[in-house]
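J.: Chain B: place on chain A using the hints.
Taken in order, these protein sequences are the chains called A and B. Using the working numbering, you'd call the opening residue of the first sequence number 1 and step up by one each time. Using the working numbering, you'd call the opening residue of the second sequence number 1 and step up by one each time.
Derived by calculation from the structure, the hints in this document are not laboratory data. Glycine is no exception: its CB is placed at the ideal position from the N, C-alpha and C atoms. One should not assume that every hint holds.
[Said to hold, decoys possible] Ranges of calculated distance between the beta carbons of each label pair, as one might list FRET restraints:
{"id": "1", "chain 1": "A", "residue 1": "THR11", "chain 2": "B", "residue 2": "LYS593", "range": "34 to 44 Å"}
{"id": "2", "chain 1": "A", "residue 1": "PRO610", "chain 2": "B", "residue 2": "ARG484", "range": "53 to 63 Å"}
{"id": "3", "chain 1": "A", "residue 1": "GLU222", "chain 2": "B", "residue 2": "GLU161", "range": "35 to 45 Å"}
{"id": "4", "chain 1": "B", "residue 1": "SER202", "chain 2": "A", "residue 2": "ALA221", "range": "51 to 61 Å"}
{"id": "5", "chain 1": "A", "residue 1": "ARG608", "chain 2": "B", "residue 2": "SER44", "range": "54 to 64 Å"}
{"id": "6", "chain 1": "A", "residue 1": "GLU29", "chain 2": "B", "residue 2": "ASP270", "range": "51 to 61 Å"}
{"id": "7", "chain 1": "B", "residue 1": "GLN451", "chain 2": "A", "residue 2": "GLY218", "range": "50 to 60 Å"}
{"id": "8", "chain 1": "B", "residue 1": "GLU47", "chain 2": "A", "residue 2": "PRO610", "range": "47 to 57 Å"}
{"id": "9", "chain 1": "A", "residue 1": "GLY64", "chain 2": "B", "residue 2": "SER202", "range": "47 to 57 Å"}
[Said to hold, decoys possible] Listed below are the simulated EDC-like cross-link pairs for lysine to aspartate or glutamate, each with C-alpha atoms no more than 20 Å apart in a straight line:
{"id": "10", "chain 1": "A", "residue 1": "LYS381", "chain 2": "B", "residue 2": "GLU301"}
{"id": "11", "chain 1": "B", "residue 1": "LYS381", "chain 2": "A", "residue 2": "ASP233"}
{"id": "12", "chain 1": "A", "residue 1": "LYS381", "chain 2": "B", "residue 2": "ASP296"}
There are 2 protein chains.
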Amino acid sequence: MASPVSPSVGTFHPVGIDAVTISDGFWRERQEINGRTTIAHCRSWQERLGWINNFTLVAAKGGGTRQGREFSDSEIYKLLEAMTWESSRPGGENHEESVAELAAVIAGAQQPDGYLNTRFGTPGESRYRDFEWGHELYCYGHLIQAGVARLRTGHDDGLAEVARRAADHVCATFGDTGVQAICGHPEIETALVELSRATGESRYLDQARLFVERRGHGLLAEGEYGTAYWQDDVPFRDADALRGHAVRALYLTAGAVDVAVETDDTELVDAARRQYDAAVARRTYLTGGMGSHHQDEAFGEDFELPPDRSYCETCAGVASIMVAWRLLLATGDERYADLIERTLFNVIAAAVSEDGRSFFYANPLQVRTAAAPADPDRVSKRASAQLRAPWFDVSCCPPNIARLLASLGTYVFSTGSGGVQVHQYMPSRLDTLLDDGRHLVLSVDTTYPLQGRITIRVEQAPAGRLRLDLRIPSWAEGATLDGRPVTGNVASVEREFHDGDEIDLVLPVSPRVTVADDRIDAVRGCVAVERGPVVLCLESVDLPDGQPIDGVRLDPRLGVADRDGGAIGHGHLITREPARWPYPSDPTSRTGKRIEVPLVPYHRWGNRGPATMRVWIPADQRS
Amino acid sequence: MASPVSPSVGTFHPVGIDAVTISDGFWRERQEINGRTTIAHCRSWQERLGWINNFTLVAAKGGGTRQGREFSDSEIYKLLEAMTWESSRPGGENHEESVAELAAVIAGAQQPDGYLNTRFGTPGESRYRDFEWGHELYCYGHLIQAGVARLRTGHDDGLAEVARRAADHVCATFGDTGVQAICGHPEIETALVELSRATGESRYLDQARLFVERRGHGLLAEGEYGTAYWQDDVPFRDADALRGHAVRALYLTAGAVDVAVETDDTELVDAARRQYDAAVARRTYLTGGMGSHHQDEAFGEDFELPPDRSYCETCAGVASIMVAWRLLLATGDERYADLIERTLFNVIAAAVSEDGRSFFYANPLQVRTAAAPADPDRVSKRASAQLRAPWFDVSCCPPNIARLLASLGTYVFSTGSGGVQVHQYMPSRLDTLLDDGRHLVLSVDTTYPLQGRITIRVEQAPAGRLRLDLRIPSWAEGATLDGRPVTGNVASVEREFHDGDEIDLVLPVSPRVTVADDRIDAVRGCVAVERGPVVLCLESVDLPDGQPIDGVRLDPRLGVADRDGGAIGHGHLITREPARWPYPSDPTSRTGKRIEVPLVPYHRWGNRGPATMRVWIPADQRS
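If we strip away everything but chain A, and leave its shape as in the complex, we get:
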């Protein structure tokens, strides 16, 4: 199956990238920019900074100085995965020439025993000397994912061979009786399971299971942030919460689900679900973003979700989608598809600029000081006070977005339960075989999420009864299917269809006011406005000159009206006399004037120059 994730069992089954066309609309545009611009942009920076040349240096056995961080190899592998999916999706750009070039360079750096790394394994920097920070197994993970993409898109080529040799080396080195080690950054676990699925070789799955089970027993040093940082504090199956470095925690969870599914390990999949569900319920931002701490890029405590200090790393958004998709396939719970949609619109779409050439590494929900535009010709720091930047010293996010957007088609539909599921609504076409072998062609026509009407047309109906499962988002109160109200997370239609039959789903996307659980201290007394799956925000460039964003109060009693895919609310602009101490004895010494409060999609913020911004707006306290 030409899909990044392809479990052998599960409630739902993915469809291949060749089976789905995203034909128009928001995501089509994002996919095209990604394929035409972002992928080339990434390659250009990787070359410019010498990260690709690092492989050539290793192949030449000396001469020249290695460039970049210890995990820079992985960025090239992620880009190769993106190029592969992009080249294979219907209508995608063809990057096969690039893939072949890069694969040859990489192959030249692989050691005879399969070891491959441009930072370690050379004289003076011996291999496997630093499992905490060395990232060697992490890099293999991304290499193997690229190799799996090659195999699944029909290219059993040099890159696939390099990946298989690396995986064999890992099994030989770290197997049952081998070095009892794990990598400080999980990633190889999920990659090895996919390689096992793609090749049918169970030893890769066995090795992945070993890595998951070894974790949590203190094999890694305490490090600067403690063993929870790399999830080595508690065995995965005993843990109750996602904790520590968010991307690490989520990649590990993805790998654990993969292992659990393939080994029929109910306890393990329950452990993954328990941890992820708890994170979603208590450690996730309204945008779907995860990670509350800058210092260690980590999850915070329950309900510790400051909008201004939210880290919400772009890669954590990608990783959360990886976990949610695996759990959706395994369990059939459409709430996971809700979260994928939320994360796509409000983390992934926000993280990349509209021109596809600059990126947010962190995605805060509030920005107090207008950030300077980043220099398009300069590498930025990860979490700098800048607008989207062209590239970062640690540049994991851009190629991670690229591989997700290129393979986005595979997250839209699935098969199973005697039919087909529509998880994400966008103009699209599905041409697939159902699980029982019958042929189905389906099209989706919609301007969603701008408007709420979604027409699903059975272009070529299979013989006999067909079940269509349509996700109903949790927020979609008042949704209708062919005019009849629907409730719950799924609307199912099961009947005989004829070619050309249509179903009309209407999801109410009018702007709505959202409050937070009042244990989320950081946004107490605030409201947010959402519109369908899209989180809105107040951006200072939409306020009349001189109106400070932090003086804006929204009065939800006055309603929020639809406007241009955003909303318009009403409230007050408050001002205070300057004071020497911010904890006044008289809290009422302020004045306010009535204003309109314009709101735009959060994912669009920062595309119009320096601005301050906030998602959570203080509710008018005069109510």
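T.: Relative to the frame of chain A, chain B by itself:
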């Protein structure tokens, strides 16, 4: 003048450490524990970790491995300063033997040209190769402050000589025509000014002025956190805000005030006041703590003051007191004395355990997860999720507290304006000459802040009229002096006094409810309770079993009553059904039951084992 700070001009003049006795009460107890326990505790850890032996290694010119961080020398210097003040204060412990021992060890490591550092200046680690992080000038600063303490307490001894030689080396190396450099961590500026004051040598002042003026012109590299981190982004006299690393910003400000005062540079003192006043008005916690970011230990933006992620480094508290005291002396504005009192009771007193053997490095106003007690036998990380710890990898805070507490007497009174000022209220005795040479003995008798009555007794009256200036804290609405209401920040009495005359000041210390400027997003909808200068908090150990602290809501309409130096309020305990997503469409799905809300002084928290805690308590939203 035997005082850490002794400006040659100013509105008020400090009194010497020998002139003041803190005779009883809260601070007497803290001073005694400091003198008897904390100072020895610090020395013991410094020896155990090899930080003292580092000097011996340098003296031996080889053999053995240096231990500790690059700035560990400074911790020994700070401790020497603490020992000196402690040995000189009336009733203090005598640490002179320790001082002599350590001074001899240190002197042995000084190079012939005055250079002194145990990390640099040896083969392989050349001197002055890293101004950003090397901390060499920073270390001199603390050495010189120790030397000044020696000189001012009448010990023109070996340590004073080492300090003078180091200062001379600095002037020779970094003077007008010398190396155009500044230190990544300010500290030497204030130290050089005090050495100039203590010795009458103007070259030290000139060098301090050079260091202040050089800053802000990009002499330092950008580093991981940008040039604002070390205040090298904007010249001091042009800056409007304290920014970057909080301790660095505050030490620099102290040095700038010192330079400004001695050079009659009004613009420079105004720049310091502008920046500090802005920080107090918009970047300071209710406790007086400063620093909102963990990652770079830095000030946040205006009104970015999250209680859970507050850093409020203990050393930033010490440094803020240094600045406030200098500005109080320079300007006579008692609001600075208010802030000193607030910081003493709510940062300094909180940072050290009641037994004087463990310390907080960061002082958050909210702790969501009960922290484990630190191992009393193990070095902790700086901002770990632990209770007070015995020592840290970066252990600047314990000796910083020690030197402040040992010299606390010098912050209680001053002379000037034709009389004497009482800035801090505690059982104490002042025996001093007034600026005009007349002799005055004053005693203060009080149980403040437990109760509000303060009796000031003129034990030995000077001939003629005497002016007594008594600080009236900003919160003390309803204060009376001899039964008559007083307003403003100072109550002055000017008349002839006779031996034994008494004045009765009453400051209302009943618990009061405080709100925050509603631009402080992180505590919107919350209230705090203060009692006199003491910030109170809710500590989970005071709640009945099973009452989660984050469910507590305080209803300020029901009043807060005095209880044991703390308070008792009333409110609700709310509970919610578990939810899969924390942004509910129905915000009212919660239940509440009436409870009492017990509040204790924040500085006492964490002395009774693992606990969660919060200063800002959500106000009952049913009002």
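J.: Next step is simple, just say for each hint if it's right about the structure.
T.: Okay, the hints, checked on the actual structure:
1. THR11(A) / LYS593(B): 34 to 44 Å: Cβ of THR11(A) to Cβ of LYS593(B): about 42 Å, so the range 34 to 44 Å holds.
2. PRO610(A) / ARG484(B): 53 to 63 Å: 55 Å, holds
3. GLU222(A) / GLU161(B): 35 to 45 Å: 43 Å, holds
4. SER202(B) / ALA221(A): 51 to 61 Å: The hinted range 51 to 61 Å holds for SER202(B) and ALA221(A), with Cβ atoms some 52 Å apart.
5. ARG608(A) / SER44(B): 54 to 64 Å: 60 Å Cβ-Cβ, so the 54 to 64 Å window holds.
6. GLU29(A) / ASP270(B): 51 to 61 Å: 54 Å, holds
7. GLN451(B) / GLY218(A): 50 to 60 Å: 53 Å, holds
8. GLU47(B) / PRO610(A): 47 to 57 Å: Distance hint for GLU47(B), PRO610(A) holds at roughly 53 Å.
9. GLY64(A) / SER202(B): 47 to 57 Å: Cβ of GLY64(A) to Cβ of SER202(B): about 55 Å, so the range 47 to 57 Å holds.
10. LYS381(A) / GLU301(B): Status holds; Cα separation ~19 Å.
11. LYS381(B) / ASP233(A): Satisfied, since the Cα-Cα distance of roughly 17 Å is no more than 20 Å.
12. LYS381(A) / ASP296(B): 14 Å, holds
The earlier numbered hints are all upheld by this structure, with none contradicted.
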